[in-house]
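*Asks:* Position chain B against the provided structure of chain A, taking the given hints into account.
Listed in order, the protein sequences are those of chains A and B.
Numbering that gives the first Met the number 0 applies: residue 0 is where the first sequence begins, and numbers increase by one.
Numbering that gives the first Met the number 0 applies: residue 0 is where the second sequence begins, and numbers increase by one.
The hints are simulated quantities; they were obtained by calculation from the structure and are not laboratory data.
Every residue, glycine too, gets a C-beta built ideally from N, C-alpha and C.
Be careful, since some hints might not be right.
What the hints assert, rightly or not - Simulated coverage check for chain A against chain B, where a stretch passes if three residues somewhere in it have a Cβ under 8 Å from a Cβ of chain B: (1) 16-23; (2) 41-48; (3) 139-151.
Claimed, not checked - Calculated cross-link-like contacts (lysine to any residue; reagent style SDA-like; alpha-carbon spacing at most 20 Å): (4) Lys124(A) x Gly53(A); (5) Lys114(B) x Ser85(A); (6) Lys124(A) x Gly73(B); (7) Lys124(A) x Phe51(B); (8) Lys124(A) x Ile98(B); (9) Lys114(B) x Glu50(A); (10) Lys124(A) x Ile52(B); (11) Lys114(B) x Arg102(B); (12) Lys124(A) x Gly135(A); (13) Lys124(A) x Leu113(A); (14) Lys114(B) x Ser104(B); (15) Lys114(B) x Phe51(B); (16) Lys124(A) x Ser72(B); (17) Lys124(A) x Arg101(B); (18) Lys124(A) x Val45(A); (19) Lys124(A) x Gly62(A); (20) Lys114(B) x Gly86(A); (21) Lys124(A) x Gln2(A); (22) Lys124(A) x Ile48(B); (23) Lys114(B) x Ile98(B); (24) Lys124(A) x Thr109(A); (25) Lys114(B) x Arg101(B); (26) Lys124(A) x Leu136(A).
Single-letter residue listing:
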Amino acid sequence: MIQELTFWGFGSFVLICSFLVIHTRNIFRAALMLVASFLGVAVLFVMLRAEFLGVIQILVYVGAIAILIIFGIVMTRDSEQGNLPSGNTFFGAFVGTAVGLLIAITAVNTTWELIPSESVLHFQKLANDSPQIIGGLLLNQFMLPFELVSVVLLAAIIGALAVVRD
Amino acid sequence: MITFEHYLILSGAVFALGIYGVLTRRNLVAIFMSIEIMFNGINIALVSISNFINPALLRMQSVETVMPDVALSGQIFALFVITVAAAEVALGLGIVMMIYRRRQSVDATDLVSLKH
Numbered sequence: 000m001i002q003e004l005t006f007w008g009f010g011s012f013v014l015i016c017s018f019l020v021i022h023t024r025n026i027f028r029a030a031l032m033l034v035a036s037f038l039g040v041a042v043l044f045v046m047l048r049a050e051f052l053g054v055i056q057i058l059v060y061v062g063a064i065a066i067l068i069i070f071g072i073v074m075t076r077d078s079e080q081g082n083l084p085s086g087n088t089f090f091g092a093f094v095g096t097a098v099g100l101l102i103a104i105t106a107v108n109t110t111w112e113l114i115p116s117e118s119v120l121h122f123q124k125l126a127n128d129s130p131q132i133i134g135g136l137l138l139n140q141f142m143l144p145f146e147l148v149s150v151v152l153l154a155a156i157i158g159a160l161a162v163v164r165d
Numbered sequence: 000m001i002t003f004e005h006y007l008i009l010s011g012a013v014f015a016l017g018i019y020g021v022l023t024r025r026n027l028v029a030i031f032m033s034i035e036i037m038f039n040g041i042n043i044a045l046v047s048i049s050n051f052i053n054p055a056l057l058r059m060q061s062v063e064t065v066m067p068d069v070a071l072s073g074q075i076f077a078l079f080v081i082t083v084a085a086a087e088v089a090l091g092l093g094i095v096m097m098i099y100r101r102r103q104s105v106d107a108t109d110l111v112s113l114k115h
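Okay, chain A solo, but in the shape it has when bound:
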């Protein structure tokens, strides 16, 4: 019961906030709506037993990315009437609806190999120490992607500095 309530409540919260991000005229308010939708996604992560990812979502998205975007808005001085629509609203709505419908139809029509209901409890117990297990995974099984992503971050730092500096 509480699960249904949280899912529908926060699912619609995320959708409404994302819609307002796109349709608020004042772009600074749109950025604040973006923060609200990030927080709603973090709640959904906690519901999906990914508590560590929920915390990371708040830290990285709300704490870093949203602040960066707000800095970008403030420094480009366009905030009052910044969020104008372009000419192709109908085309965008058509493509968006088509992609959403495609994903929904595929999700409903595929038979997924779900965790059998009798062993859900077993999996819940496994997911209990998630930060510890994720740390172990990152340093053992996913060592190479972990190192590669650090190279990507380094390249992004150097690239951003080189782009902004000249």
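*Replies:* This is chain B only, laid out in the frame that chain A set:
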């Protein structure tokens, strides 16, 4: 009962909203925010896959002998997506700053100098 499909459809809807925003906004920063919305939709899908899909079948193991690291490896993908999103937004906003400094505008419809 909230099933896997509920989460997938929600993630698809968030992703579609992001696509709609990218295609219909003119401000470059607003386009960036729409891209972040799309990343969020992808992350919802990845985390729900890690929660609902049976990793034992992928590894040909029996369900009761699954190790905890296999059960959680789906979340690693979402973690990497978050990292790449952070790198992307830092670099992208740097490019937006540079465009603003050169042209005094962040309107995507003004960026047509390749046409002339």
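*Asks:* Hint by hint, say whether it matches the structure.
*Replies:* Do the hints match the structure? See the list:
With a threshold of 8 Å between beta carbons, the proposed coverage of the segment 16-23 of chain A by chain B holds, since 4 of its residues qualify and at least three are required. Note: the segment 41-48 of chain A has 4 residues with beta-carbon separation from chain B under 8 Å; the three-residue rule is met and the coverage holds. Counting residues of the segment 139-151 of chain A whose C-beta sits closer than 8 Å to any C-beta of chain B gives 6, which meets the bar of three, so the coverage hint holds. Restraint check for Lys124(A) and Gly53(A): the C-alpha separation of about 18 Å stays at or below 20 Å, so the hint holds.
Our distance criterion of 20 Å between C-alpha atoms is met by Lys114(B) and Ser85(A), whose separation comes to about 18 Å. Our distance criterion of 20 Å between C-alpha atoms is met by Lys124(A) and Gly73(B), whose separation comes to about 16 Å. A distance of roughly 14 Å separates the Cα atoms of Lys124(A) and Phe51(B); the hinted pair therefore holds under the 20 Å criterion. Note on Lys124(A) and Ile98(B): the hinted pairing is violated, with a Cα-Cα distance of about 51 Å set against a maximum of 20 Å.
For a cut-off of 20 Å, the pair hint linking Lys114(B) to Glu50(A) is broken: about 49 Å separates their Cα positions. The hinted pair formed by Lys124(A) and Ile52(B) meets the criterion: a straight-line CA distance of about 16 Å does not exceed 20 Å. Taking the CA atoms of Lys114(B) and Arg102(B), the gap is about 16 Å. The hint holds against a cut of 20 Å. Restraint check for Lys124(A) and Gly135(A): satisfied, since their Cα atoms lie roughly 17 Å apart, inside the 20 Å limit.
As the CA atoms of Lys124(A) and Leu113(A) are separated by approximately 17 Å, the hinted pair is consistent with the 20 Å bound. Distance hint between Lys114(B) and Ser104(B) is fulfilled; the C-alpha atoms sit about 18 Å from each other, no more than 20 Å. Pair hint Lys114(B) plus Phe51(B) does not hold up; C-alpha atoms about 49 Å apart against a cutoff of 20 Å. With a CA separation close to 15 Å, the supplied pair Lys124(A) and Ser72(B) stays within the 20 Å bound.
A threshold of 20 Å between alpha carbons decides the hint, and for Lys124(A) with Arg101(B) the separation of about 56 Å lies outside it, so the pair is violated. Straight-line distance between C-alpha atoms of Lys124(A) and Val45(A) comes to about 15 Å, which keeps the hinted pair within the 20 Å bound. Of the pairs offered as hints, the one joining Lys124(A) and Gly62(A) is violated, with about 30 Å between alpha carbons and a cut-off of 20 Å exceeded. Distance restraint check for Lys114(B) and Gly86(A): the Cα-Cα separation of roughly 18 Å lies within the 20 Å cut-off, and the hinted pair is therefore satisfied.
For the hint pairing Lys124(A) with Gln2(A), the CA-to-CA distance comes to about 19 Å; that is within 20 Å, so the pair holds. About 17 Å separates the Cα atoms of Lys124(A) and Ile48(B), which keeps this hinted pair within 20 Å; it holds. For the suggested pair Lys114(B) and Ile98(B), the alpha carbons sit about 17 Å apart, so the restraint of at most 20 Å is met. Taking the CA atoms of Lys124(A) and Thr109(A), the gap is near 28 Å; set against the 20 Å cutoff, the hint is violated.
For the hint pairing Lys114(B) with Arg101(B), the CA-to-CA distance comes to about 18 Å; that is within 20 Å, so the pair holds. Note on Lys124(A) and Leu136(A): the hinted pairing holds, with a Cα-Cα distance of about 17 Å set against a maximum of 20 Å.
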